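Participant: Chains as they are written, first to last, in our numbering: chain A, 1 to 110; chain B, 1 to 115.
Everything hinted at is true.
Dumping the calculated DSS-like pairs for lysine-lysine here, alpha-carbon to alpha-carbon at most 30 Å: (1) K52/B / K36/B; (2) K81/A / K36/B; (3) K22/B / K40/B; (4) K81/A / K44/B; (5) K40/B / K102/A; (6) K41/B / K9/B; (7) K81/A / K9/B; (8) K81/A / K102/A; (9) K67/B / K102/A; (10) K52/B / K41/B; (11) K71/B / K52/B; (12) K41/B / K102/A; (13) K9/B / K40/B; (14) K71/B / K19/B; (15) K102/A / K22/B; (16) K40/B / K81/A; (17) K36/B / K19/B; (18) K36/B / K9/B; (19) K71/B / K9/B; (20) K102/A / K44/B; (21) K81/A / K41/B; (22) K9/B / K102/A; (23) K19/B / K102/A; (24) K71/B / K22/B; (25) K67/B / K22/B; (26) K19/B / K9/B; (27) K40/B / K19/B; (28) K36/B / K102/A.
Treat the hints as calculated values from the structure; they're not laboratory data. Note that this is a predicted model, so its numbers are computed, not measured.
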Amino acid sequence: GQSLEQPSEVTAVEGAIVQINCTYQTSGFYGLSWYQQHDGGAPTFLSYNGLDGLEETGRFSSFLSRSDSYGYLLLQELQMKDSASYFCAGGLNRDDKIIFGKGTRLHILP
Amino acid sequence: DTAVSQTPKYLVTQMGNDKSIKCEQNLGHDTMYWYKQDSKKFLKIMFSYNNKELIINETVPNRFSPKSPDKAHLNLHINSLELGDSAVYFCASSPGGAGPYNEQFFGPGTRLTVL
Chain A
1 GQSLEQPSEV TAVEGAIVQI NCTYQTSGFY GLSWYQQHDG GAPTFLSYNG LDGLEETGRF
61 SSFLSRSDSY GYLLLQELQM KDSASYFCAG GLNRDDKIIF GKGTRLHILP
Chain B
1 DTAVSQTPKY LVTQMGNDKS IKCEQNLGHD TMYWYKQDSK KFLKIMFSYN NKELIINETV
61 PNRFSPKSPD KAHLNLHINS LELGDSAVYF CASSPGGAGP YNEQFFGPGT RLTVL
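Please put together the full structure from these sequences, using the hints given.
Facilitator: This is the structure we're talking about:
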């Protein structure tokens with residue numbers, strides 16, 4: 001079956017850098033997206049990697065390696081407002097449904 | 001201006017009842033979705049419509065029936081509600097197809113509690 005694996009929780013310190021990993025269990029994911037969800041809120045789109053390599057958007061970067069079936073989200077200069085759950089999401093084909101990982105809860109310590 | 005709106009925000013009802021959740025998007029998107037997020041925060045797609053046509057229909061009990069009167073609206077009707085239906089239901093939309101390259105815009109969610 002298709003699945004995406006993420007750590008359930010990660011803890012980091014304000015101002016630091018944190019990496020949230022995502023591995024997928026089937027070959028050929030078309031691309032990998034990342035979403036952020038604050039408690040009680042809706043998921044919001046952060047980034048998409050359609051090709052291998054690093055995509056940078058401000059303090060957030062996302063990486064994909066298809067050969068390793070692996071991606072990560074990198075958050076720099078962590079702020080307390082970054083405390084949230086982060087979901088990776090992928091699809092097998094260009095127009096196929098996306099499957100979400102179970103999410104990583106990011107705790108930020110002052 | 002609300003991009004994707006859902007009503008109601010909270011829904012508390014008894015087992016066995018029938019209820020509907022409504023969703024509207026004013027983004028001009030072609031594709032709309034219903035997701036279920038359970039208590040463990042697992043987000044799972046249920047249905048997707050593209051220009052009023054059903055394109056994704058996951059393994060969901062047939063008590064759940066989506067309806068898209070036009071491409072800006074996607075409603076979800078649930079018959080004979082069960083305790084396990086308690087969850088947050090999110091509506092979403094995207095400008096193109098259902099694939100991962102398309103940013104999905106989520107509504108605020110409807111928290112359904114079945115007693």
